[in-house]
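Respectively, the protein sequence lines represent chains A and B. Counting from 1, position 331 in the first sequence corresponds to residue 331 in full-length UniProt numbering; the numbering is continuous, with no gaps. Counting from 1, position 619 in the second sequence corresponds to residue 619 in full-length UniProt numbering; the numbering is continuous, with no gaps.
One thing to keep in mind: the hints can contain errors.
It does not matter which identical chain is used: a pair holds within one copy or between any two.
Said to hold, decoys possible - Below, simulated SDA-like cross-link-like pairs (lysine to any residue); rule was C-alpha separation at most 25 Å, straight line: (1) Lys24 with Ser388; (2) Lys136 with Ile519; (3) Lys24 with Glu336; (4) Lys538 with Gly528; (5) Lys136 with Ser407; (6) Lys24 with Ser53; (7) Lys136 with Asp382; (8) Lys24 with Pro381; (9) Lys516 with Thr652; (10) Lys136 with His523; (11) Lys24 with Val410; (12) Lys231 with Ser622; (13) Lys231 with Val408; (14) Lys516 with Arg527; (15) Lys136 with Leu50; (16) Lys136 with Gly411; (17) Lys231 with Ser552.
These are calculated hints, taken from the structure and not from any lab test.
There are 2 protein chains.
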Amino acid sequence: MSGLDGLFTPRGVAVIGASRNPAKLGAVMARSLSTYDGPLALVNSRDPELHGSVEEAVDVLGAPIDLAVVCVPAPASADAVAEAAKAGATAALVCAGGFAEAGHPEHQQALADVVERYGIRLLGPNTSGFLVPSRKLTASFVPSAADVPAGGVAVVAASGGVNHAVSFLLAEAGYGVSVAVGLGNAADVDATDVLDYLLDDPATTAVALHIESVADGSRLAAAVARVSAAKPVVALVVGRNDVGEFAQSHTGALATSWRTTRGVLRQAGAVLVDGERQLVDAVGALSMTRLAPAADPGVGVVTAQAGPGLLLLDRLRGSEIRVPTLSDATQQRVAELLPPMTYQANPVDTGRPGPGFGSVVKAVGGDSDVDLVAVYALTEPDSLDLVSELSQLESVGPTVVGVGGSSVDVGVVRSGLHERGFAVGTSPAALAHAVRALVEDARLAHRRDAAGSAAPFVEVAAGRWDEDQAKSVLDALGIRTPVRVACDTAGEAHAALDRLGGPVAVKILDAAVLHKTEIGGVHLGIRGHGDLADALAKLGDRRVLVEAMAPSGVDLIVGARRDPVFGPVVLVGLGGTTAEALADVAVRAAPLSVAEASSMPDELLGRALLDGWRGGPVLDRSELAEVVRALGQVLLDAPHVDEIEINPLRLTRDGLIALDAVITGKEK
Amino acid sequence: MSGLDGLFTPRGVAVIGASRNPAKLGAVMARSLSTYDGPLALVNSRDPELHGSVEEAVDVLGAPIDLAVVCVPAPASADAVAEAAKAGATAALVCAGGFAEAGHPEHQQALADVVERYGIRLLGPNTSGFLVPSRKLTASFVPSAADVPAGGVAVVAASGGVNHAVSFLLAEAGYGVSVAVGLGNAADVDATDVLDYLLDDPATTAVALHIESVADGSRLAAAVARVSAAKPVVALVVGRNDVGEFAQSHTGALATSWRTTRGVLRQAGAVLVDGERQLVDAVGALSMTRLAPAADPGVGVVTAQAGPGLLLLDRLRGSEIRVPTLSDATQQRVAELLPPMTYQANPVDTGRPGPGFGSVVKAVGGDSDVDLVAVYALTEPDSLDLVSELSQLESVGPTVVGVGGSSVDVGVVRSGLHERGFAVGTSPAALAHAVRALVEDARLAHRRDAAGSAAPFVEVAAGRWDEDQAKSVLDALGIRTPVRVACDTAGEAHAALDRLGGPVAVKILDAAVLHKTEIGGVHLGIRGHGDLADALAKLGDRRVLVEAMAPSGVDLIVGARRDPVFGPVVLVGLGGTTAEALADVAVRAAPLSVAEASSMPDELLGRALLDGWRGGPVLDRSELAEVVRALGQVLLDAPHVDEIEINPLRLTRDGLIALDAVITGKEK
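Chain A extracted, bound-state conformation:
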């Protein structure tokens, strides 16, 4: 029970601050709500023609008022909500601005106090409202929002404006909405609350989530995980670039780390998108079709025109979507259906299409390596009846369709296909986004299904850790480190060189020195006692670590730290300044499964370096996963540790080896 039934399925609605001046918010809201198919009370104590109070309205209507839509200025809002609560309302919508986002936290606090006192659920303030089209409930100050049709997509937007913009785009794309909510300042009801409601809402088949900031990351991630296990979630996270100051003016909240939020939401099962059109393409498709969980679903492409098919293929390859060569048997079936001059290996180019197009789609969908068929065709009503061709495909697996053409033709084909359960995009890009969403959702579900064992528990003492101590922790975690000797004296260092043989690395050993290289505290490739003596002289009279040199390879950075919003998170990146300048890092919350951790390197821009670049070593994903999981576990188990980082963790032909390690934390 999310407790939002009063908001989304109210038995009666009151507009507090209703007005008969059409320019006033109270009038616009009353007009929007006029289509509502339940009791509606217009309340304004200063207008004798309207109800003087919610209590009076309840008496007159003889029906309970569950939802109060509050259209009074910020300073008066809390009292209005309290009045409604006393009259029995269990939910309120406060649209006005002028709260935390505008430098008036006291008004927002007053609302929070009312929520606390009466247990009423409150949406807003500072939002343009919400829609439940199936109930003709348009609690929005954009009355034309009533034109958005009912359907399977729920929209949960940080911003009222984005909620409306996305709902309208969904309608434009032929999809309908179950519930669409703009959270505004989220003084009470937040994304997590709405997600919990949607989990049990039978009308919702997929969720579009728009995130500007996150207050409680773990709670949000858990809700996304619960929902995505039952129905797909697609997330658009704002703030890739520096927009912080404007964002804060908007909702009064600091922007959350874009990268971390994305990493954690994806881990929780949300398909990520980069913009509102892609959001619509993705969630629309997922509201109609969901693939079975699979590690890497194969996509068959059937196109009636080669050029758009090429645009589609280029995008799919760029999104790391697998478009497998069709089996000989499939190619043979396709060859029987098509003239010999077309390409038939996948993509299948039908040439100018006609009757039998559906049979080609069916043949491709029947290939054992094809989990999803993507079909593109220009609408040519004279030569191809796409709806009836595809309607014969019941025995075939999931299929999504792209159509181009005049808006009339596209409208006809699209509604025909939607009725039969096919998602439809109106360009190769839209189709590619739909395909990517379906594939990504199936991959995330597969990853979620792969249960992981717990990472090993290792006691990490409180205190300060020098490199030798930090590496001892790694040793205990089962992470390989070079053979090393901590030396208090020059004599010990020379003995260590004898023991290890050359070449060795010699480094300052001091927990207070975090950036050894930058102060000249590291000497590499020392082979003889002369060089060692030189190096020790330069390092001064200090403790040193003498360590065997590792073979060359590809350097990674792996770490775990405490995120202020999401708690313990783990990071994987490539070493080197270029990777650093690109902020090329994958992030997840800890704990995480082996499957989840194994997926991290595949997000890196420079991932090609990890897969045998120029004959180099190939990363064993599961070996890296165990390192990542172990570091995450340290932060979960040891509250006094703030951060643990291996930089570099070198990928060699013999596997991974930690060349340097830093642990920071409280000294107890």
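With chain A held as given, fit chain B onto it using these hints.
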């Protein structure tokens, strides 16, 4: 004169192979052309009710036939074109497939022979045709293409399918088309020919160019440069990913290097886009508005809803678009117009909009640092009449608008704004793409206007070049190299060490060894004669280069090579394997201006490394530009040189220095 008037403004049209069987191509094409507002002849020698030949049709109609639309199978097409040419046609469209793309080059050669013999211009084969909506000329086998309205955008697409898909998307976005062409196999008419036609076509105000492959790169680049100087060109290049085999099956041509094609087209003045929807957003906006050339135009953002404004701002910042803080004077004017609770520095958030919205837009547009205003608003007919608010803005500079809302409301607002010359997108992403296109076009125009002096001429002898000789070429080009001594003997090497002081680099000096490091041919950091002797011993009895060591810095790779399609091209990338794995390289054709060469590093993903990363050195763009231009000039002047590369070219606090150089070419 491009010689395509017979194709796009024919005095009469004949369909050869016209049919009365509605499923046949000849019937579909006849139906498409039935709306044409000039003489139309249906020709089929086997149908007594149609004209027996083009010649007969000319006689019967008493009018010339300029265009023959050929709807016969591939083997019969050349004869049909010849027949039309003999009857006076100056242009032909051949739609059928079955030519080079399907393994029948002989049929395509036959067409080429007819073109050669008769001088007729031929579009196709293997294309769905073209449209000239203003003349109701729909030479397409998609009859509904007649629904695409007339307007300012010309579409030049490699593929007939993409031509149609893009034209339909333009119509859907409220834009119209002047000419829309699918080139197909381009046996005769290619993109360059159409571009030359469009340069003189008064109806065309912007060009959408879709490229799959390029036969003659220099010719195409020159045509794009001619057109873009007069009207904007937006280019979508296919083939970022591995799509070669399917692409070849499509038009029979090998895919051109995606990166090089993009670099050269941009240099020629084309705005680049990543997909067909972005193409529509960009070219639609540019067909209505063009900014004055500017190095880096500033954009003012006015939004009626903060959330969509934030999506827009995030995208603009991610596209390196400048959104400057408004001047104090502008902020003061805006403050007088808006309630105090909104953000007003840029973006300007109007809060719930109403009358006076236009004045805010006008105030922002009047800021001295704003060259373009981007406006976003949900359509709220009750509170905001966007069309009349923006219609008062005559004295204000360029403005583009994003609107969200129900399709009815959006349609009304969009057509009202289009009539008044405002480009309109229907989502924050569409608006961002429009803004980016306008800004990029202005930047490219500014760069084109910056005339560059010729690069210096340096004689490069034929032969093989060892590192010392290659660096002597660099010295002559004015590119800094380390002090060095080429040594034939160990004695000379020791003398060189004395002369240069330590530390020095010692390297094998042999024109036959291109990858010295990989075979252990490079020893760095040698300070004393003992180390030098060790190094020389390891290198064996060979010539060596003894060279002063350069200070640390950021390594670049700069080179020039001969591209099979575009001729001499220059490349700039970052050093290191990560940059290499990302293929993070900027490409241009040589010769190029200082302004053009200076823009290259700004395209690199890792460009942050060049601008004082972590307190490091800052790249002087013009210093790099002179290096790039000089290398390009070598390839232009010395036909025996195949490639010249500096790797690394190190950015230090003292500027750029070439640490290694390779020249390869013919030995005479």
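We went through each hint and held it up to the structure:
1. For the homomeric pair lysine 24 and serine 388, the shortest alpha-carbon distance between copies (21 Å) is at most 25 Å, but the shortest distance inside one copy (50 Å) is not.
2. Proximity of lysine 136 and isoleucine 519 under a CA criterion of 25 Å is satisfied in neither setting, with 68 Å inside one chain copy and 76 Å between copies.
3. Taking CA atoms no more than 25 Å apart as the test, lysine 24 paired with glutamate 336 passes between copies only; the shortest distance there is 21 Å, against 67 Å inside one copy.
4. Taking identical chains as interchangeable, the C-alpha atoms of lysine 538 and glycine 528 lie at most 25 Å apart whether they share a chain (16 Å) or sit on different chains (18 Å).
5. Taking CA atoms no more than 25 Å apart as the test, lysine 136 paired with serine 407 passes between copies only; the shortest distance there is 18 Å, against 27 Å inside one copy.
6. In the homo-oligomer, the alpha carbons of lysine 24 and serine 53 lie at most 25 Å apart inside one protomer (19 Å), although the nearest pairing across protomers, at 73 Å, exceeds that limit.
7. Taking the shortest Cα distances, lysine 136 and aspartate 382 sit within 25 Å of each other only across copies (20 Å), while inside one copy they are farther apart (39 Å).
8. In this assembly of identical chains, the alpha carbons of lysine 24 and proline 381 lie at most 25 Å apart only when taken from different copies (14 Å versus 49 Å within one copy).
9. Taking identical chains as interchangeable, the C-alpha atoms of lysine 516 and threonine 652 lie at most 25 Å apart whether they share a chain (23 Å) or sit on different chains (23 Å).
10. For the identical chains of this complex, lysine 136 and histidine 523 are neighbours neither inside a copy (73 Å) nor across copies (78 Å), given an alpha-carbon limit of 25 Å.
11. Proximity of lysine 24 to valine 410 under the C-alpha cut-off of 25 Å is restricted to the inter-copy arrangement: shortest distance 23 Å between copies versus 40 Å within a copy.
12. Taking CA atoms no more than 25 Å apart as the test, lysine 231 paired with serine 622 passes in neither setting, with 29 Å inside one copy and 55 Å between copies.
13. With identical chains, the CA atoms of lysine 231 and valine 408 are never at most 25 Å apart, being 32 Å at best within one copy and 32 Å at best between copies.
14. Proximity of lysine 516 and arginine 527 under a CA criterion of 25 Å is satisfied in both settings, with 21 Å inside one chain copy and 24 Å between copies.
15. Proximity of lysine 136 to leucine 50 under the C-alpha cut-off of 25 Å is restricted to the intra-copy arrangement: shortest distance 23 Å within a copy versus 59 Å between copies.
16. For the identical chains of this complex, lysine 136 and glycine 411 are neighbours both inside a copy (24 Å) and across copies (23 Å), given an alpha-carbon limit of 25 Å.
17. Taking the closest pair of Cα atoms, lysine 231 and serine 552 never come within 25 Å of each other, the shortest separation being 46 Å inside a single copy and 54 Å across copies.
Of the numbered hints stated above, those contradicted by the structure are hints 2, 10, 12, 13 and 17, listed in ascending order.
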